[in-house]
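Enquirer: Residues are numbered in our numbering as their position in the sequence shown, beginning at 1, plus a constant of 7.
Certain hints may be false.
Claimed, not checked - Across the chosen pairs, the derived CB separations fall in these ranges:
id	residue 1	residue 2	range
1	117	193	17 to 23 angstroms
2	164	77	21 to 27 angstroms
3	157	195	33 to 39 angstroms
4	216	81	35 to 41 angstroms
5	218	141	30 to 36 angstroms
6	127	66	45 to 51 angstroms
These are calculated hints, taken from the structure and not from any lab test. Remember, it's a predicted structure, so these values are computed and weren't measured experimentally. Every residue gets a Cβ at the ideal spot worked out from N, C-alpha and C, and that includes glycine.
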Amino acid sequence: LLDRELYYLSTELSLYDKSGRLTTKSFWDSKDKLVRKSEFVYNQKNQLTLITVFYSSSEPDEEVYEYDAPGRKIKTKFYSNKKLRKYYDFFYEGEGHQLTSQKTYLIGELISFDQFIYNKAGRLIRFESHNKKGEKTEEKQIKYNQEGQIVESVILYLKDNALIPWGKVVTYYDEDEERSEVIWYLKNGEVDSHYLYEYEFDDIGNLIQMKTFQNGFLVHRLEREIEYY
């Protein structure tokens, strides 16, 4: 959106193999110049193991994924200019697949430690982020409706050694269980941003158009062309 008019921004093309796995994603800018292309590689267990991102003006980046014997993702590595820049370590409770914590390393140094807390239904209800000293820097509290959809998120951040509410996000859904409205509230209760969403689907139910309205203005329109084979 510019001067209350929509302008073409980009085109994205996604290709899939016969098993329905994403294999290639290409991105063109507003001048129809190919600026990024990603290639996806899977192992024999259909687990994503490598994403290579090619750019028009720089060396490619790589994301490498590692799994344990039960099939849980335990590490993600990020390479730039053929050097390991950052990686995540993932931890689980017992033999289950419920992620309980994550450590982030930058050039070999621990920079953050995240924890995930769930309710009895297995839904994430709280996310806590800590710095390398173990001090809590951010907290996100999540609420759900009876259908298991997120309806409210409260965000807190560290200030003067105390967690201060930043605000909250309230989400509404339509009769088709699609997200229809999102309201961002400031900590004083005032509305910061109000989003409305409209969708259009093809005959078999796949999304072909989505419109986003912010504070009463159309700010984004996504159009999709799907080729079936």
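Enquirer: Using the Cβ atoms, figure out if residue 157 sits within 33 to 39 angstroms of residue 195.
Expert: violated, 23 angstroms
Enquirer: The hint says 21 to 27 angstroms between residue 164 and residue 77; measuring C-beta to C-beta, is that right?
Expert: violated, 35 angstroms
Enquirer: A range of 17 to 23 angstroms was offered for this pair. Does it hold for the Cβ distance of residue 117 and residue 193?
Expert: Cβ of residue 117 to Cβ of residue 193: about 33 angstroms, so the range 17 to 23 angstroms is violated.
Enquirer: Is the gap between the beta carbons of residue 127 and residue 66 within 45 to 51 angstroms?
Expert: holds, 48 angstroms
Enquirer: So the hint says 35 to 41 angstroms: do the beta-carbon atoms of residue 216 and residue 81 match that?
Expert: holds, 39 angstroms
Enquirer: Evaluate the given range 30 to 36 angstroms for the C-beta pair formed by residue 218 and residue 141.
Expert: Taking Cβ atoms as reference, residue 218 and residue 141 lie about 44 angstroms apart, which means the hint is violated.
The structure does not agree with the numbered hints 1, 2, 3 and 5 stated previously, though it agrees with the rest.
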